[in-house]
Amino acid sequence: MASVNDTRWGPLEIAFWLCTLLPFVLAPNYLSLASQIAITALFALSLDLILGYAGIVSLGHAAFFGMGAYTAGLIAKHYWAEPISALLISGIASGILGYALSHVIVRFRHLALIMLTMGFGLLLHEAANSASALTGGADGLQGFRVPDVLGFKFDMFGRAAYAYALAVLFVCFLVTRRIIHSPFGLALRGIRENATRMPAIGAPSLSHLRKAYTIAAVIAGLAGAALTHTTSTVSLDVLSFGRSADVLVILILGGAGRLYGGIIGAIIYMVARDQFSGVNPQYWYFWIGLLLVAVVMFLPNGILGGLSALHKKRQ
Amino acid sequence: MLSTRNVNKKFGSLVVAEDISLSLPPGVRYALIGPNGAGKTTLINLITGLVAADSGEILLGEENITALKPYQRVKRGLVRTFQINTLFPHLSALESVTLAVLERDGHAHNWWRGLPAFSAAAEEAFAILKSLNLEKTANRETRELAYGQQRLLEIALALATRPRVLLLDEPAAGVPKGESAELFAAVEGLSRELTVLFIEHDMEVVFRFASRILVMVGGRILVEGSPQDIARDERVREVYLGAAHAA
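Protein chains in written order, with numbering that gives the first Met the number 0: chain L, 0 to 314; chain Z, 0 to 246.
These are calculated hints, taken from the structure and not from any lab test.
Watch out, some of these pointers could steer you wrong.
Stated by the list, open to error - Restricting the straight-line Cα-Cα distance to at most 25 angstroms, the calculated cross-link-like pairs of lysine-lysine (DSS-like) are: (1) L:312 - Z:68; (2) Z:68 - Z:9; (3) Z:176 - Z:135; (4) L:311 - Z:176; (5) Z:176 - Z:129.
As the list claims (entries may be wrong) - Some but not every residue of chain L turned toward chain Z, in silico, with C-beta under 10 angstroms: (6) 166; (7) 178; (8) 183; (9) 197; (10) 256.
Computed from a prediction, not measured in an experiment: that's the story for all the values here.
The beta carbon of each residue, even a glycine, is placed where N, CA and C say it ideally should be.
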């Protein structure tokens, strides 16, 4: 009898996660870049849950990243330095924001949805900008330090920072992987595939979507908080439109709806940005643009989509 | 089982349903016929809640379901299929039907357990596919299925919800004439406790499979009766079979 979904770990998956440990040995000078990549990958994973699986387009996903980043920053600045509890609280704060917005968001689709998510993102960005007493405005939050995680000190070489970011990414990845292989994950794919049919098989689509949106907001908030903890600053940039757009580009680049798309996209995008900006600090967006055009033209389902099509062809 | 009381619907000045009152007893096979634009699909949309009625009531058993959302009506056993395939292109046939079973049993909100823990749902889905001769294509993506198989999958999805009343909107739409009898044989094989209403244009099929016939014209129910009554009815001949008989 046929199985509905294979949820076992493949050798490729295990190999991939072992490779994430390589920067400790092979590229100790790039560990701060590596932790930025892990955090961006986590942010992209969160977007994948709603965009790749449930089909909700968002151009304002930075709202939740920023909510997590500022919550973690405020806790570290005014209350306590211990990061794990702050991380969890930041995720919850972001989740509450996500749940509140989801009541509006899930009622719309397509162009209206893009405008709406972008609008919410801009609102939050400006709110943080003007509430400078709380957020530091354009200067951001500074002057706090997160000393250590479970006894490991955040040092200038970034070993603890990368370990921390990678651990948060991995745990969230496990949860997301479980979600997409669960009945709820199947229901999300059903909504993406045909929103009209879902009510006709008795599915409360809007309630499913609200839940997915809230979970995605929690994960994005955790990513934002991890950024605060690993950099000991919060800038207004965490809420910027550019961050929402970047993460969308990263996910499309890697391949949406494939779980690993956001991670692969984050690695390629951030490494490319690092290298291109080294070659030419002014014009590196030219190369990013070229990369994006090439991927969309020749690999419409992203890099992972292209690889999987190639794999099917060879079989 | 299913009844409507004085249901009305207008789109602007166009009356698409006027004073529709009908009552479908349990186990009956109803055919809903009428010329194009008579409001047949709109009536199914009204009954299932896809379109809200301007006035009137819809009852399932004793319960007034007029204010319920479409998915809530499905949960109570009022289920439809679509004239144009409304399926999940990138899900396999088995995944699609399993999803419907999981939704029915209230498991679809579960995000913390893997699908393998719900093998009973998958087995039931497979049995439904098998009962419609779809077992060989169970693991193929829906978009890869032949058109006729997709029409059957439409019915499989509806059956997975365990309906009490099943509304089939032209189940054989687009299927070659020779094959539509095969499709209706599957409909005929359904449990006798199930109330079925189907829209169909092929009169041969209608008279073969329906135990009662409803004739709609211009948003109104013109007449309701047994196939013999309908075949004899002068008004039906005039408005519906008119062209052929007048010649």
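- Query: When the hints from earlier in the document are held up against this structure, which numbers fail?
  - Reply: 1, 4 and 6
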